[in-house]
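Trainee: Residues per chain, in single letters:
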Amino acid sequence: MQRPSGAAAANPPAIELKGINKHFGPVHANRDIDLVVERGTVHGIVGENGAGKSTLMSILYGFYTADSGDILVNGLVQKITDSRHALGLGIGMVHQHFMLVDNFTVLENVILGAEGRFRIAPALHKARAALKALAAEYKLDVDPDAIIEEISVGQQQRVEILKALYRGADILILDEPTGVLTPEEADDLFRVLRTLREQGKTVILITHKLREIMAITDNVSVMRQGAMVRTLKTADTSPGELAELMVGRRVLLQVEKQPSLPGKPMLEVKKLTVNDDRKVARVKDISLTVRAGEIVGIAGVAGNGQSELLECIAGMRDPVSGEIRLAGDKISLRGDDGGRKARLAGLAHVPEDRQRMGLVTSFEAWENSILGYEYTEQFGRGPFLDIKAARAHAEERIKTFDVRPPNPRLKTANFSGGNQQKIVLARELGQDPDVLIVGQPTRGVDIGAIEFIHKQIIAMRDAGKAILLVSVELDEIRSLSDRILVMFDGRIVGEADPAKATENELGLMMAGIAATGGETR
Amino acid sequence: DPGLIYDLGGKFDKSFNEAAYNGAERWKAATGGNYLDFEITDGAQREQALRRMVSQGANPIVVMSFNWGSVLPVLADEYPDVKFVVIDSVVEKPNVRSVVFDEHTGSFLVGALAALKSETGKYGFVGGMDVPLIHKFYCGYAQGVKAVRADAEVYENYTGTTPDAWNNPTVAGELAKAAYDRGAEVVFAAAGGSGLGVIQAAQDNNKFAIGVDSNQNHIAPGFVLTSMEKRVDVAVETAFTDGPDLETGLQVLGLAENGVGYSVDDNNRSLLTDEMIAQVEDYKAKIIAGEITVHNYETDSQCPL
Amino acid sequence: MGGTSSIPRWADIVLLPLLNLILAFLISGLVVLMIGENPLMAYYAIFYGAFGSGDGLGYTLYYATNFVFTGLAVAIAAHAGLFNIGAEGQAYVAGLGAILVALALDQTSVFLVVPLAILGAAAFGGMWAAIPGWLQAKRGSHIVITTIMFNFIASAAMIYVLNRFLKPAGSNGLESRVLDQTAWMPQLRLFMPGFGFSPVNLSIVLALLLLVGFYILVWHTKFGFALRTMGKNPLASRYAGMSNVKLIVITMAISGGLAGMMAINQVLGLNHRLVENFVAGAGFVGIAVALMGRNHPVGIALAALLFGVLYQGGSEMQFVMPNVNKEVVSVVQALVILFTGAMEGLFRPSLERLFAGWGGSGKAEAIARTTAGSES
Amino acid sequence: MDWPTIISILAATLRFATPLLLACLAGLYSERAGVFDIGLEGKMLFAAFFAAAVAAVTGNMWLGLLAGLGASLSTAMVQGVAAITLKGNQIIAGVAINMLAVGLTTFLGQSWFRQGGRTPPLPQGGRFLPIQLPFAAEIGQIPYIGPLYANVLSGHSIFVYLAFLAVPITAYVLYRTRFGLRLRAVGENPKAVDTAGIAVNLMRYKAVVVTGLLCGLAGAYFSIAQGSGFGNNMTAGKGYIALAALIFAKWKPYPAMFACLLFGFLDALQIRLQGVAMPVIGQVPVQAIQALPYVLTVILLAGFIGKAVGPKAGGVPYTKER
Ligand SMILES: Nc1ncnc2c1ncn2[C@@H]1O[C@H](COP(=O)(O)OP(=O)(O)OP(=O)(O)O)[C@@H](O)[C@H]1O
Ligand SMILES: Nc1ncnc2c1ncn2[C@@H]1O[C@H](COP(=O)(O)OP(=O)(O)OP(=O)(O)O)[C@@H](O)[C@H]1O
Ligand SMILES: [Mg+2]
Ligand SMILES: [Mg+2]
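Protein chains in written order, with the working numbering: chain Z, 7 to 527; chain A, 9 to 313; chain H, 22 to 397; chain Y, 165 to 486.
Source of the hints: derived by calculation from the structure; they are not laboratory data. Accuracy of the hints is not assured; some may be wrong.
[Unchecked claim] Derived pair list, reagent style DSBU-like, types lysine-lysine, alpha-carbon separation capped at 35 angstroms:
1) Y:416 - H:243
2) Y:484 - Y:416
3) Z:215 - H:253
4) Z:506 - Z:276
Sequences are here, hints too, so could you generate the full structure?
Mentor: This is the structure in structure tokens:
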């Protein structure tokens with residue numbers, strides 16, 4: 007855990023990577039990457055989806071091993087063969103997708119891999135004490151006996167950080183940590199990171215949000231298509247420049263749109279109450295209206311019932327009570343074929359989690375481009391499937407939405423996150439629905455794709471569609487919505503005008519008036 | 009040379025098929041002759057195997073079990089100059105000898121012996137599967153028991169419903185144990201390979217089992233009261249000895265012909281008193297003489313008790 | 022299985038199974054050696070027995086017919102992500118459906134009996150599979166377990182029915198009465214004497230039709246699309262509004278119906294009556310067939326043929342080599358399943374290296390992948 | 165039903181439950197580690213055969229047991245290689261193992277002993293005999309409770325006591341030790357375990373070893389304790405019932421014990437009910453009674469436990485490269 011004293015005198019960089027290469031089968035994920043991270047700094051890394059950020063960090067953390075290249079930690083060359091080794095060198099990592107065991111307690115997760123002897127009781131004891139201390143030091147408190155799957159994402163992330171600190175990490179890697187956090191939670195996190203920096207620890211931060219880069223990093227490195235484009239002092243650069251370096255062209259960081267001209271109510275939700283799978287009420291007696299030609303954004307901390315609300319309106323979840331009206335008339339979406347009923351009623355749904363719901367990743371692109379609409383006559387008469395028609399349709403969709411690569415026969419898993427999202431959008435917008443409900447349209451998607459997707463959504467609105475948007479990205483909500491509803495603990499706790507409302511006004515609402523910080527869910 | 013086709017369950021089922029095998033081997037030992045044999049593994053092979061035998065010039069050909077009802081008649085017509093012997097079923101063709109056994113009378117005798125040996129008035133029966141032939145055993149056994157003790161109770165059990173039933177000593181053993189726990193001291197096993205479990209149970213619980221088909225007294229001397237012998241071996245041996253010009257038609261092997269009977273040897277002699285044997289011999293004589301008629305389940309699929 | 026491999030499709034579908042098959046046979050060869058017999062002789066006996074004569078070929082095809090039916094049954098369920106271990110029991114119960122129709126109508130005409138018997142078998146088999154399907158869909162009870170239980174229940178129920186209702190009084194076999202000629206499935210030897218006395222019958226035509234039908238159903242209908250969607254990602258099919266409950270129940274019904282066709286080949290084609298345990302393991306062989314056939318009709322046809330060969334050739338081998346007893350065949354089968362089904366990873370890496378060496382295939386994906394990396 | 169009958173049913177319940185419990189716990193280890201195992205049946209059968217074969221030849225039960233454990237263990241290893249290293253389909257591996265076991269045991273038995281695959285009955289000392297607990301005879305005299313001790317608790321072979329001892333041990337190992345913690349973690353989220361610096365596949369192999377050993381005990385019980393000698397396919401589907409019990413118990417130790425006791429009881433009951441006239445219905449066809457355990461299993465699975473969600477990573481081989 008302690009770094010070699012000799013090296014300490016010379017004060018070498020905490021991390022130095024030289025000519026790192028990594029292939030995944032045909033994919034060249036990292037191309038001779040050089041990177042220097044000074045001790046006691048927060049170092050940002052940005053890049054498009056699939057640029058190779060996570061891979062590079064996973065190599066540094068010993069999760070993957072590089073095909074070639076050297077890793078120097080505190081000035082000494084290290085062959086990092088596995089994560090245990092990395093931990094030994096004081097490197098800790100918080101992964102893009104949390105590495106927690108859902109049905110374990112916080113404590114059990116913290117000691118996993120550092121249990122000591124045969125019995126785990128002593129380790130649990132030690133960890134409990136340690137967590138107390140850490141909580142005091144960094145204001146990172148979580149209930150050590152809580153089951154992971156029962157605490158909020160923000161808390162889960164704290165557990166990840168605690169895991170690293172408990173193992174005495176003094177180089178901390180965070181891969182897209184803020185993707186799922188509220189502003190408060192994000193601020194909390196940054197506060198912790200600053201404390202760490204003051205203590206001379208080193209932090210590497212991966213994010214798609216340039217605002218965060220500017221806010222907290224000392225240096226920032228830009229990656230594109232597996233290669234390291236450049237490393238700059240944050241002070242000497244601007245979001246615009248970074249964006250351009252990432253994508254290779256100018257990008258508009260702010261969508262411009264005309265004020266909306268709302269028409270008649272298209273989607274009306276009345277006194278809707280919805281349970282989750284555990285039969286716990288997650289949506290409590292909600293009513294809302296979306297008019298033709300307007301985008302209504304629902305802001306809120308993940309896990310406050312937005313998912314259940316969306317799924318219910320999309321017919322994937324039966325409501326306990328309440329009703330849903332489309333274009334004025336009441337519709338029932340009950341039964342496990344509610345999704346089809348909804349589509350028949352002219353309602354399209356871009357799900358929150360494309361990989362888990364919106365796509366069959368092992369299908370070819372064309373198959374996914376008809377998913378949910380395969381029963382329509384346009385894809386074959388009667389019971390038969392007209393594959394030609396379907397592929398032609400896919401061709402066209404892929405063109406209009408500029409999906410890369412434009413190959414309907416390619417396995418969907420082989421498209422990057424952003425392009426997978428485009429396939430879903432292309433499909434749902436393509437059927438020219440009256441109502442569109444969209445969940446997390448740009449989660450984990452890079453700015454290049456974000457720009458495009460936002461344009462499409464605005465275009466739908468201008469075409470007079472009613473759009474209900476759910477996102478945990480406040481920026482997104484604010485830049486897209488014509489009206490903002492804030493959801494907390496299954497209820498609409500407030501409405502705001504995106505033009506006027508400030509970030510922390512919204513933030514407070516999202517945290518629930520009575521709530522403290524981002525803890526409540 | 010003669011040929012022999014074993015039925016499902018295989019050559020070494022410790023009972024029916026194995027008895028046939030022993031008969032053939034005895035003939036082989038006696039005459040030094042050679043014979044063809046084959047174990048079928050599923051119904052589809054019957055016709056195939058039989059034709060194979062014919063084409064290899066086997067004659068006469070002995071086939072086992074009641075499952076030949078549909079195949080044999082056809083082939084018998086096709087090969088008029090080959091002689092066939094079917095055991096445990098009746099096929100009326102000029103070139104077929106059908107051998108059936110009076111399992112019911114043999115079972116009657118062991119039933120009587122059981123009742124004479126044990127006074128508890130409770131007796132066990134473990135069959136392999138709930139099929140007509142096994143009912144024939146049960147029905148005769150029960151009649152024998154009741155002939156001695158009219159008020160006696162006979163526990164009728166079956167090992168299973170899949171082919172495993174003929175090869176599941178574990179369950180058969182537990183069934184026997186259950187009978188013993190319920191007060192029975194003797195359990196008659198008509199369950200092929202499963203029967204071994206019954207004999208084992210008798211040994212473990214220091215009670216008695218009755219073997220079946222071939223003489224099983226030796227398996228656990230002192231615990232096998234007797235065995236209801238069904239001399240399939242004799243039938244096969246005589247068929248082989250009679251050779252290609254054996255006379256055909258129905259052959260019913262009963263007590264008189266020693267086709268069935270109860271076995272007494274020095275493995276179990278000590279378990280039986282002279283009175284018991286005398287008593288059973290008396291029944292035997294009466295049955296042969298027709299003074300006692302033992303009902304045959306097969307005639308009407310009924311068992312009047 | 023498999024995962025994203027970078028070897029050409031033909032190698033994946035033909036070469037890999039072939040290599041594994043060869044390995045399986047090599048090891049079985051060792052087993053034969055163990056009892057001091059010559060493996061090559063055994064292989065020859067199997068091959069000659071299976072193809073050497075009209076009868077042999079007929080038997081091979083007759084067995085293959087059974088396995089096509091049960092193989093398709095397992096495969097259709099597999100496409101829906103359901104593992105149907107119950108084909109055995111489903112075929113058994115289907116036999117009841119077939120025989121009831123046949124017994125009732127065997128005085129009429131073959132053109133009436135056979136079609137209705139097929140429907141009867143499909144109905145009974147389908148029902149026997151649909152129940153576990155429903156339990157899975159509605160109550161979430163593990164279909165693997167339920168279908169196994171239903172196999173046991175089926176055999177108990179069938180014994181009961183045979184004993185109490187179908188067995189003619191006074192007969193001593195556990196079987197129904199023999200059907201009248203008119204209810205027999207016409208055997209091929211009537212048209213092609215070449216098949217000698219072998220029991221291969223028109224059921225094989227039914228099998229071929231169903232193979233084609235299977236292909237169309239799975240890849241060219243909307244139902245098939247839904248089926249595959251649920252199989253790959255049940256959440257996606259729910260999102261798409263395809264009723265998973267309906268899908269599961271219907272798929273299982275179809276699966277059971279397919280298994281049921283095996284009863285036609287047995288009851289109307291071979292025994293001409295209902296015999297205790299006439300399925301004799303064909304249902305389980307179906308699992309192997311489906312696995313080896315990669316759940317694709319062509320593969321299933323080939324795999325079914327392979328097992329047909331093993332069965333027929335195996336029994337011939339017993340004539341030629343009396344010491345090689347019947348179990349050898351089932352050992353070979355098990356090894357074939359093990360190596361082709363569960364150990365396909367054995368040669369994959371080396372093959373991948375091989376093909377990567379040739380450059381060849383992987384490229385297309387490579388380009389795709391890297392371009393996919395960057396949007397703009 | 166009178167008291168003695170109940171006593172003997174209870175005793176039979178323990179005898180039937182024992183192999184189920186051992187197999188069920190065996191399954192618990194590998195499935196908690198994320199390796200599905202339909203092959204319990206096959207491993208038991210191999211163990212049963214080799215245990216009996218060696219015991220029959222050497223007349224030494226301990227050698228028999230050793231052979232049984234070895235056979236089951238090596239089978240488990242084959243399965244492990246297929247499922248873990250080669251990342252093959254775990255269910256297929258299991259199915260194949262089961263078929264192989266049925267064929268190979270009979271085949272070897274036949275070529276070694278020429279008794280149609282059976283082994284000869286075991287000679288003296290080749291078989292584990294029932295153990296009488298202290299004062300069984302004396303306490304047995306006490307009315308009612310006495311027989312419970314003397315005839316139900318006492319008088320079983322060592323395997324029975326081992327099986328029930330294995331339950332608290334398993335619970336302890338699973339929830340109180342490092343091994344258990346990692347085992348459960350590896351079955352839920354192997355990636356998390358990997359990033360914590362623990363070798364996932366090694367963990368899974370360890371689990372599979374335990375599974376092999378427990379299946380070995382279960383198999384040996386059939387042929388050299390409960391029975392005396394091997395009979396073809398003598399496990400007769402018990403491996404599948406054990407699997408049902410495992411799912412029924414939601415992959416947890418104590419519930420597993422109760423599930424196995426339940427299934428054991430159903431078997432014992434089945435055997436006692438044959439030929440007995442039912443109170444209301446009167447004589448029930450024997451097949452109905454024989455099918456009872458399976459029917460009830462279905463009903464229980466459907467009625468009570470509802471959706472049983474196993475370890476999340478179950479059935480999925482672990483790969484870093486997606
Ligand atoms: N385990 C893997 N197997 C195969 N390909 C992989 C694997 N991990 C990453 N890749 C590919 O390598 C490239 C880099 O992936 P990586 O996750 O490092 O990108 P990223 O910058 O983290 O993207 P994102 O911003 O979406 O997280 C991508 O093309 C990705 O598809
Ligand atoms: N501390 C413990 N000591 C012994 N046994 C335990 C302990 N905790 C749980 N068990 C066993 O597990 C069963 C359920 O406990 P628990 O839910 O904690 O297990 P689990 O590992 O959390 O299961 P899962 O991870 O699937 O939720 C109990 O009935 C008991 O058999
Ligand atoms: Mg990443
Ligand atoms: Mg991302």
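Trainee: All hints, please: hold or fail.
Mentor: So, going through the hints one by one against the coordinates:
1. Taking the CA atoms of residue 416 of chain Y and residue 243 of chain H, the gap is about 42 angstroms. The hint is violated against a cut of 35 angstroms.
2. At roughly 29 angstroms between alpha-carbon atoms, residue 484 of chain Y and residue 416 of chain Y fall within 35 angstroms of each other, so this suggested pair holds.
3. The straight-line distance between the Cα atoms of residue 215 of chain Z and residue 253 of chain H is roughly 34 angstroms, inside the 35 angstroms bound, and the hint therefore holds.
4. Our distance criterion of 35 angstroms between C-alpha atoms is met by residue 506 of chain Z and residue 276 of chain Z, whose separation comes to about 27 angstroms.
Hint check: a violation occurs at hint 1 only; the rest are consistent with the structure.
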